[in-house]
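Top line first, the protein sequences correspond to chains A and B. If you use this note's numbering, the first sequence corresponds to residues 1 to 372, in order. If you use this note's numbering, the second sequence corresponds to residues 1 to 515, in order.
Honestly, the hints are just simulated from the structure, not real lab data. The reader is advised that the hints may include incorrect statements.
Claimed, not checked - Simulated restraints, written as ranges between beta carbons of each label pair:
{"#": "1", "chain 1": "A", "residue 1": "ALA123", "chain 2": "B", "residue 2": "GLY166", "range": "16 to 24 Å"}
{"#": "2", "chain 1": "B", "residue 1": "GLN126", "chain 2": "A", "residue 2": "LEU20", "range": "46 to 54 Å"}
{"#": "3", "chain 1": "B", "residue 1": "GLN77", "chain 2": "A", "residue 2": "ARG349", "range": "23 to 31 Å"}
{"#": "4", "chain 1": "A", "residue 1": "PRO245", "chain 2": "B", "residue 2": "ASP83", "range": "26 to 34 Å"}
{"#": "5", "chain 1": "A", "residue 1": "THR353", "chain 2": "B", "residue 2": "THR228", "range": "28 to 36 Å"}
{"#": "6", "chain 1": "A", "residue 1": "VAL17", "chain 2": "B", "residue 2": "ASN101", "range": "34 to 42 Å"}
Said to hold, decoys possible - To list a few chain A residues with every Cβ distance to chain B over 12 Å, as calculated:
{"#": "7", "residue": "LEU95"}
{"#": "8", "residue": "LEU101"}
{"#": "9", "residue": "ALA109"}
{"#": "10", "residue": "GLN174"}
{"#": "11", "residue": "PRO197"}
{"#": "12", "residue": "ILE243"}
{"#": "13", "residue": "ALA247"}
{"#": "14", "residue": "PHE286"}
{"#": "15", "residue": "GLU313"}
{"#": "16", "residue": "ILE331"}
{"#": "17", "residue": "SER339"}
{"#": "18", "residue": "ARG348"}
Quick caveat, the model's predicted, so the values are computed rather than measured. Just so it is clear, CB atoms sit at the ideal spot from N, CA and C, and this is done for glycine as well.
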Amino acid sequence: MMRRIALVLAAPMLAIVIALAVSSVFLLLADVSPAEAYGSMLSYGTEADSLVSMFNRAIPLYISALAVAVGFQMGLFNIGVEGQYRIAAVVAAGLGAKLSLPGPLHVGAIFVIAVVIGMAWIAIPAILKVTRGVHEVIATIMMNAISFGITAWLLGGPLKATSSGSSLILGTDQLPESARFPTLNWLVEGLGVEMRPGSNLDGFLVVAVLLGVAYYVLVWRTRFGYEVRASGHNRSAAEVAGINPKAVVLKTLFLSGGVAGLIGLSYLLGSSPYRYDTGFPQQYGFTGIAVALLGRNHPIGIAIGALLFGFMERSSQILDLDDIPKEIVVIMQGVIVISVVIAYELVRRYRQTQQETAVTKATDLSPHEATA
Amino acid sequence: MAPRDKPSGGQAVELRGITKRFPGVVANHDVNLSVARGEIHAIVGENGAGKSTLMKTLYGMHQPDEGAIIIEGETCQLRSPNDAIALGIGMVHQHFMLADNFTVLENIILGGEPTHGPVLDRAGAQKRIVELAQRYGFPVDPDALVEDLGVGDRQRVEILKVLYRGARTLILDEPTAVLVPHEVDELFRNLRDLVDEGVTVIFISHKLDEVLSIADSITVIRAGTTVTTVDPGSVTAHELAELMVGSELPTPETRESTVTTIEQLRLSGVTIRTPEGRPLIEDISFAVHRGEVVGIAGVEGNGQHELISAILGTHGLDHGTVTFAGDDITRLSTRRRRELGLGYIPQDRHREGLLLDAPLWENAMLGHQARAPFSRGPWLDRAGAKRRTAEIVADFDVRTPGVDVPAFALSGGNQQKLIVGREMSADPSLLVAAHPTRGIDVGAQAAVWEQLREARSAGLAVLLISADLEELIGLSDRLLVIYGGRLVAELDPAQVTAQELGSHMTGAGHRGTTA
Chain A
1 MMRRIALVLA
11 APMLAIVIAL
21 AVSSVFLLLA
31 DVSPAEAYGS
41 MLSYGTEADS
51 LVSMFNRAIP
61 LYISALAVAV
71 GFQMGLFNIG
81 VEGQYRIAAV
91 VAAGLGAKLS
101 LPGPLHVGAI
111 FVIAVVIGMA
121 WIAIPAILKV
131 TRGVHEVIAT
141 IMMNAISFGI
151 TAWLLGGPLK
161 ATSSGSSLIL
171 GTDQLPESAR
181 FPTLNWLVEG
191 LGVEMRPGSN
201 LDGFLVVAVL
211 LGVAYYVLVW
221 RTRFGYEVRA
231 SGHNRSAAEV
241 AGINPKAVVL
251 KTLFLSGGVA
261 GLIGLSYLLG
271 SSPYRYDTGF
281 PQQYGFTGIA
291 VALLGRNHPI
301 GIAIGALLFG
311 FMERSSQILD
321 LDDIPKEIVV
331 IMQGVIVISV
341 VIAYELVRRY
351 RQTQQETAVT
361 KATDLSPHEA
371 TA
Chain B
1 MAPRDKPSGG
11 QAVELRGITK
21 RFPGVVANHD
31 VNLSVARGEI
41 HAIVGENGAG
51 KSTLMKTLYG
61 MHQPDEGAII
71 IEGETCQLRS
81 PNDAIALGIG
91 MVHQHFMLAD
101 NFTVLENIIL
111 GGEPTHGPVL
121 DRAGAQKRIV
131 ELAQRYGFPV
141 DPDALVEDLG
151 VGDRQRVEIL
161 KVLYRGARTL
171 ILDEPTAVLV
181 PHEVDELFRN
191 LRDLVDEGVT
201 VIFISHKLDE
211 VLSIADSITV
221 IRAGTTVTTV
231 DPGSVTAHEL
241 AELMVGSELP
251 TPETRESTVT
261 TIEQLRLSGV
271 TIRTPEGRPL
281 IEDISFAVHR
291 GEVVGIAGVE
301 GNGQHELISA
311 ILGTHGLDHG
321 TVTFAGDDIT
331 RLSTRRRREL
341 GLGYIPQDRH
351 REGLLLDAPL
361 WENAMLGHQA
371 RAPFSRGPWL
381 DRAGAKRRTA
391 EIVADFDVRT
401 PGVDVPAFAL
411 SGGNQQKLIV
421 GREMSADPSL
431 LVAAHPTRGI
441 DVGAQAAVWE
451 QLREARSAGL
461 AVLLISADLE
471 ELIGLSDRLL
481 VIYGGRLVAE
491 LDPAQVTAQE
501 LGSHMTGAGH
511 RGTTA
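So that you can see chain B by itself, here it is in the shape it has in the complex:
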């Protein structure tokens, strides 16, 4: 226990010997945490290590069976999130909880509307929000509609909302999972400003580089208990990762090249326009060979989504052709493309990858439902599907009590491992992997990387779309940069640095293209 000394002094939050049991299981065991006032305290751990149980305890969503919660020196009982809010603890969830059709102001005051009698005191609220925003250096327009805001701005609205309720200690659950690099930098600047104003930040993450750059102290949690608290100055990301999983870790670097000269996928002059004629992607041409990983780098929203739709066939092309192993598939349906051996790991596993309420075995057949062992002719083969799912669960280390469990009950990392297993076990010849390790812990991340590498050496062609620069550089044989719907650069991952790549992604490394 060695949190860095802060001038403000004192403990904002202290947890002593917290144990939380669920029927038949101990989710948290003897958890000790001491967060100094005015610091950024990171909590890192694998998915399922007990981070969320701990945070739910601290936010009053359930009560611990043993141990004490001490907030600003006072031992207290938190019976509900309202108690926690009253004590100045606020939580910013990983998935934003904002009403899209409301303005920033309306979202912030939602649930705590200031009133003059029965009338909403809009002016008063506006004044307070502007004050708050100025004090903490948050550039937001209170009258903007949330649906028009980018991800980074939405997150700022979430944080402001919590501050508006009077929070002095902020819990941020995986705040960077949804952000691109420059948004992360901005968030970190905001968090620094908050801390300078005396706010305490508890930062849950498993992106170790980020944790190391932002946190004042780091508590590692593993298998339900706090392992240690370290000073970020005294550990490396690698050491931290090993503390988290308790074992040696592989890195994303691919070793020897397995690239062949056989073309698996070729896009020629692919263009998709909006109905108004504005190009979303324009004149995209490239090839992916068997045994090759082609990385697509780019800030989100620069045409990656349309590029994927063009390959999957979920969106018609305005121009250009797509060939698959030499055959023109431009006019084929998504189903036919999938049957030819096109695997897809979607960037948003909840939106495009899973049927959350359906059992795992129904999820394992999604996209492969027309083939053995999942079906025979028009009939589902339930026994076959369950057998194959059990194999995926075993081979890809999906941690679940069984294959009849609904998908929502699994942690993010395990959901992702199921998706990767589903696509890999179908023996694809091309895999489109969009952010395959987003929002999952290091253990699962290493497993996914290993799977990709193995499949690549077995001749799989991979198109990797990612925002994680380390992942892109580490896994790819060739890097293409997408900016404003066009491919603007081709880079050799062996030569390029993350900084260079970053500047290409923002258009700075490239002159002569339309912005």
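One chain only, chain A, in its complex shape:
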């Protein structure tokens, strides 16, 4: 058991070491002492406020990676998470601001809108895939480009703010109090940690955790999850086993798109200015792919990956103050993802040999009874 855990951890640890080494080279090229840079990142990154920020940053990445991982289970590559969450967020923000409902219902309505839009946006690639055989990578990338355009148009037209705010910033109306998500500051304070005024632990953390649990249960504990994994593993075998590949593709992609719809809500419902505007965070969809790879599509692994990325992004903020280019963190993230893929493959091969040996051993030791 210990051995298994050690093996599981070996790959990501190895990847981080390689990433640190490669980043050091770049830091040295920039005439910066790696030890100093890493040291200040570490000390800044572990401050209470930074840790809270790490969690807040990890939440959308986690949900994004789950959306990607659902597809991976079936061997589908949903690159369109970026477009799905952005269009879902803008519509949820715009329509949500026009609704007036009591608190929990209002939030619930926004959730439903976001999920429905996320699913609707992936419906086109999904249907193209099962009816015409169009590869989902191509279709979802195209849909990204279209969604960026439509998002801009919605912001400038149908969903444009009606109330007079700052007219310089293009955005939707601000969401009313009833649509906002509570913070988890009580939890942080309960732990006796002091936060700077103005910083919050995002309440969406609860949603992320629940999604992670739901993902685990769905994939590993239900028949549907089994059928998804079986189709992802070996499509022909699944097909002759009575698993309709098209139905599974459709359901998996809709699920992926629905989860993707929720990514933007942590920011939208949890932080000022409570609306979708031109400053709305981007790239969660693409980073989510890296996090899913890093976490091996496992809910715990993805959580660790998301927290790691959150930590790196937060702690890199200090580098600017020290006149160190903080883009070094992007290099680190990239190297981590590449080396983790390689390291997992090495570990996988090692385990495969181990298991084959174990079986040979067990079967050779069993008495060679006559086969009847």
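Given chain A's structure and the hints, the job is docking chain B onto it.
Frame of chain A; chain B shown alone:
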């Protein structure tokens, strides 16, 4: 030790007292092997007997813990396959390792490309390959794309590739597992030509008839050690099989007929065409009754695959109907058909039968995932699934340390026993068995035959699709021959000989059909 004398003389390969331990286990123990130069030396043994460990030792994929490897009189250390290749030992793997989108020439030179400076010397390579092909009597077109080649041709490309690297001793791992009878004959002719040119062939197999017909000497390996080396002229297939498993063996013959008059499956006028309208199977009509085994004989690629798809429902029909126990199932999904009691043993267990990286218990529920004890409503019942898997493992003699082991770790025979157990324990009313004993050893083969026979007498209807003529004749109550997508003959297995059946399969025994 009595290898037949060859004029060339000398030993190509000799292994003395080879022992190979893996942590906690001895995979090979005191293995002795002496292969004379220019002979075809067969190594036979059950799956898991240690053949592959031995071959990996000889091909430098791992080092033995004890013993000596002597190649052409010199004791040597093989640290990697490259060392083995440098000493003239080449290996042709059971699963082909060719790039489909490359030509024959490109595949052969891959990894050892001849160059003029930075430029690929295509002409030089072409010349050498043509020379090699002529010398050994291999008809290949160097410019053909591998994806357009049949199985037999691909195998020749693999062999040429090894010869191109300068191999003088060829190791062939189960070379006939993927071939149909006439391709086997062709391979054997090629091997004879090779041997005449002084190449030594080590031939791993468990098809004993073939071994007896091709080998100059046969070494039997059992439970990790070499048992004996025999002269093929002095043993029968049966004696050889008993040496391999160390016990008496059953034969495939079914005894008394258990055929009933109740129709389990009927196909009427079933036709499947390509999108261009060319028929893949045409106007196929037959019935399988409870307690009956209907054998479909045919050279691969004559419509067997489409016939199976029509029954499983994985391919729509252009024409015709399929009825199951009297009900029309032509429009039912595969899932509904499986739930009605349609069992399937696929011909390619890796492609259609298993989730290789998944644990055995997940494999045991494949195709039966919607029923107890594997699931309850929408939830998987992991405990139930593991319990049932353990029962299958016990009842069908699947040799594995547990049910959490991934399927790839099992030997081919044990994987097949798991599939057979999975289908049989679901209590099917019709079983479609495609090549159920392909590529598995005699012990497992006998077990599978026994299972089929037992289920048949309990009233199971079986459609057996096979290329093994002995198996077809031995197990079937009725034989149908498929050729060019049509059923061209119905034969009584009690009357027909393998030769007659073979000629029907190639269309020779039948006049008046389109070729």
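Taking the earlier hints as the rules, which of them does this structure contradict? Of the numbered hints, 1, 4, 12, 13, 18 do not hold.
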